[in-house]
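A.B. asks: Below, each chain spelled out in residue letters.
There are 2 protein chains.
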Amino acid sequence: MSTAKRKRPGRPPGTSDTRDRILDNARELFARNGIGNTSIRSIATAAGVDSALVHHYFGTKEQLFAAAVHIPIDPMRVIGPMREIPVDQLGSALPLLLLPLWDSEMGPAFLATLRSMLAGEGVGLIRSFLQDVISVEIGTRVDEPPGSGRVRVQFVASQLVGIVMARYILELEPFASLPVEQIAETVAPNLQRYLTGELPGLG
Amino acid sequence: MSTAKRKRPGRPPGTSDTRDRILDNARELFARNGIGNTSIRSIATAAGVDSALVHHYFGTKEQLFAAAVHIPIDPMRVIGPMREIPVDQLGSALPLLLLPLWDSEMGPAFLATLRSMLAGEGVGLIRSFLQDVISVEIGTRVDEPPGSGRVRVQFVASQLVGIVMARYILELEPFASLPVEQIAETVAPNLQRYLTGELPGLG
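Protein sequences appear in the order of chains A and B.
Numbering of the first sequence is given in the UniProt record's numbering, commencing with residue 1 and proceeding in unit increments.
Numbering of the second sequence is given in the UniProt record's numbering, commencing with residue 1 and proceeding in unit increments.
So that you can see chain A by itself, here it is in the shape it has in the complex:
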């Protein structure tokens, strides 16, 4: 670049295209390798820029990760619709609402979060999302007998997390290639049982 001399003062060099390219590559590498195994340098190389520029834009690797992962979704985009769904339809509605996110353009960010979680980082974040947000939103609606709602939701979470593991981490075939609607339809009665069925040891 012949603009090197104009870099020093004022705005950082590069365009918003460059920022996006860095974020895209960061998401992809974090998802593939996890945070621990991804360096700023490898992201910079993949994006075709200098490491210093990545640091300049985003700070530390953790800050870059936050920037890359924060984006995907406003939790209310999921929680809002949930509130409208009758309790006896949650078993089929939940997987149809949640599983397609993993196949969407947000999938890599979710996968990155999951991998880093499994490496021991950020478990608290996921746990608090499940305990504080989902338990409050759904657990209170299936709290029959009283006190059982939290455990009911956790059984649902165990099945949904397991599907993600089998599809995106273990990549079991043909499971990983099944249409998400078939998965949702298959697990729906089981999730509904966890939410509103009679379960041993509750109540």
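If you're looking for bench data, these hints aren't it; they were derived computationally from the structure.
It cannot be assumed that every hint is accurate.
Chain copies aren't distinguished; within one or between two, either way the pair holds.
Below, a list of computed lysine to any residue pairs in the SDA-like style, where the Cα atoms sit at most 25 Å apart [what the hints assert, rightly or not]:
| id | residue 1 | residue 2 |
| --- | --- | --- |
| 1 | Lys61 | Arg32 |
| 2 | Lys61 | Ser39 |
| 3 | Lys61 | Asn37 |
| 4 | Lys61 | Leu23 |
| 5 | Lys61 | Ser42 |
| 6 | Lys61 | Arg141 |
| 7 | Lys61 | Asn33 |
| 8 | Lys61 | Arg19 |
| 9 | Lys61 | Ala44 |
| 10 | Lys61 | Trp102 |
| 11 | Lys61 | Asp20 |
Using the hints, position chain B against chain A.
C.D. replies: The following block gives chain B in isolation, referenced to the frame of chain A:
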């Protein structure tokens, strides 16, 4: 140690107690932090020995991991009993056979394997265990309609893996503290449905 001069030739220094102490600490650290985040040095420190001794006994970190993880179980200890169980009882028998292993003295080794898998190492090992061993052992017995057995087993695997995630990685409470028998009893009808029930899209 005043025995330093006797170390050079002959048998490696230390007793089998030392080896066991290294393996115990290795298992604990691998389980807590995964392979990538655990150094030989940290294991040596935890075991109260020199890094060189760890290398001398076990070679590389990967070899140490193999030594620490290989031990836990002869797969036939699980597969043998499975063969005796009638198909219509597998839904309750499988979780009762598999989940208690995670609470046993072998739990840390399983957890270490899971963490490293999630970090991208060793997925092939687990996948091939699930596909080659479990699919053959159980999938062939629930292959109705023909060709469905493999997917049926993978739905079961998704639920069992999810339970492990919720209990040992996410540590959701009260889920993580429920008696393993209550978990097994709760998921049994759902697993049985995956194994022998009518599922959408199969056949």
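A.B. asks: All hints are to be evaluated individually against the structure, with a verdict given for each.
C.D. replies: Hint by hint, here is what the structure shows:
no.	hint	in the structure
1	Lys61 x Arg32	both (16 Å within a copy, 22 Å between copies)
2	Lys61 x Ser39	both (7 Å within a copy, 21 Å between copies)
3	Lys61 x Asn37	both (11 Å within a copy, 16 Å between copies)
4	Lys61 x Leu23	within (11 Å within a copy, 33 Å between copies)
5	Lys61 x Ser42	both (11 Å within a copy, 24 Å between copies)
6	Lys61 x Arg141	neither (40 Å within a copy, 49 Å between copies)
7	Lys61 x Asn33	both (14 Å within a copy, 19 Å between copies)
8	Lys61 x Arg19	within (14 Å within a copy, 38 Å between copies)
9	Lys61 x Ala44	within (11 Å within a copy, 29 Å between copies)
10	Lys61 x Trp102	within (23 Å within a copy, 34 Å between copies)
11	Lys61 x Asp20	within (16 Å within a copy, 38 Å between copies)
Hint check: a violation occurs at hint 6 only; the rest are consistent with the structure.
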